[in-house]
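Asks: From just these sequences and the hints, can you work out the full model?
If you read the protein sequences in the order shown, they are chains A and B. For what it's worth, my numbering labels the leading residue of the first sequence as 672, then goes sequentially. For what it's worth, my numbering labels the leading residue of the second sequence as 317, then goes sequentially.
Treat the hints with care, as some may be off.
[As the list claims (entries may be wrong)] If we take Cβ atoms under 10 Å as the criterion, some of the chain B residues that face chain A in the derived model are:
1) Ser345
2) Ala368
3) Ala435
[Claimed, not checked] In silico negatives: residues of chain B with every beta carbon more than 10 Å from chain A:
4) Arg455
5) Ile456
6) Pro460
7) Ala469
In case anyone wonders, no lab produced these hints; they're calculated from the structure. Since this is a predicted model, take the numbers as computed values, not measurements. Ideal Cβ placement from N, Cα and C applies to all residues, glycine included.
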Amino acid sequence: MSVDRSYQASFNENNQEFVIAGKLRPQNAAEIKPLADALARSLAQVRGTVYLNVKRLARLNNVAFRAIASVVTQVCGTRPDLRVEVVTSSVMGWSTRKFQPLAERLPNVTVNEYDKDFYPGQSYLEEGGFIPILRNQTKLTWHHEKHLLPRHGLRPGMTMADVCCGIGDFAVLARKEFSPASIIALDHSRTSLDYARKVAADFGITGIEYVYGDASEMVLEDNQFDFVTCRHSLQVFDRPELILRELFRICKPGGRVYITNEKNSHCLGEPRAESIQWTYNEVARLWADYKMDIELGPKSRRYMLDAGFEDIRVDSFMVTNLDGDPQGFADIIQSWENVYAGEMARDRGDPPEFLARFRQGFQDHIHAALHPKGYAGWPIWAASGRKPT
Amino acid sequence: MNGTTPLVEISMGIDAFASEWLHCDRISSYLARMVSHSRTDSLLYANLLSSALNELLETAFAHHGPDGNFCCRVSRAGESDVIELDLPCDEQALSFYRAAADRLGQPDLAAAYHAALFAPEAADPHLGLLEVAVDYRARITILPEQGNRLKLAAEMVLEGAAA
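Replies: Right, here's the structure in full:
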């Protein structure tokens, strides 16, 4: 009889976190005893709050659940001072519901569905308000990216994943232009995915599968995509290296991962350059306060090398008011003002005089974009790397 | 089942199925993946379906007759998917499934499931069926058939059922 060892368990003493990932479907308690013993030993060492992290546990049968629950129940019974926080993920679908009864039985156990804490500023970006920004942005960046993507390795017939796909418009454009064999488009915003699915249905677009997922803990299997894209997203996470690790994992050996990111303080415009410059320097500080790095673009090469990629290719391009309809460019800037000044800076508690000056820079950028002799720019870095074979 | 479209079926001798515990995991993972592609969120759907199906297969693995064919079938009617297990049953297995059908017909299944989940001694043998009925809101029917066989069907709507 074979025993399935397709799970990983580890204990991090510093974080007081016991992590179980993979698949746990043992036939009997003896099979899972090593894990149960390790959990018991770990719980015996900790004080205060301990985290039982099951957010990447994809499969769990009742034999395994009972073994885990038994250890937690025993320890909690003798250690009323101990708090056990079970960290589940909405991505798995079943895990929060499975562990909730444990919290209902034991007063010192709580179940928290992970996600929001990991992305401190993401609620601003995930829901509703950012959809117009994303739609306009992709329209203008595609103008440049469609020429760059072949240099970064995208070819017809490839299996492709678009991680942090947002409203899915990049996937649709890539499908039309490059005819990949299939595209999995993953995002963590249900609003965006609903929008993407509706657009695909309305326009009869096939070959793109939109799935709910967490870029830092994807349920996708290892080594399955020829080309993985993740656009304007590493800059949203406070630990971009975790996302890159996942992109690396799902990419086939020899395949490439393609990322784009900004350096917002390099946004520019004429006339009124000084006011514009001031505001975008403040944008960078604002994002940093929300633990996001809107300056990440030029750091892409370092991040990709550190993640283990080779043959790194980096390009930069400037989206400008001359790329098409200047009003489209101006609409992006207006969307930025609405979210950055109207929501994020306001919620940070910035005083009215700051907000007024902050808003003025966006308005000056719009002025530059629409001015008959004006020039307005938004720089972007596109980088890709090959996963070693 | 009436009104459903068969999607996929795996058939083998019950002795082959019961010869290896990993068959439960392999079959549930494979079938769930096969039938989930046309659902709105295929990964999430496959995760949920695999979890429910695995519990049913683990039950069949432990409780079945000695000889005959074992069949696992997934059919669809709109938002509902129906998992059917068709298996040989001796008197002991029939008695197990009769008792299960009685329990599944009782009120307050959630309380029964939670009591079974945390039962301090040996695991309740009906735990998997109770879980599928409660956590996956499945309508489970258990029907003995001619020739010492039994058909277990679980109908569930998993789209939008994530916790």
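Asks: State for each hint whether it applies.
Replies: Right, here's what the structure says about each hint:
no.	hint	verdict
1	Ser345	holds (8 Å)
2	Ala368	holds (9 Å)
3	Ala435	holds (8 Å)
4	Arg455	holds (18 Å)
5	Ile456	holds (16 Å)
6	Pro460	holds (25 Å)
7	Ala469	holds (21 Å)
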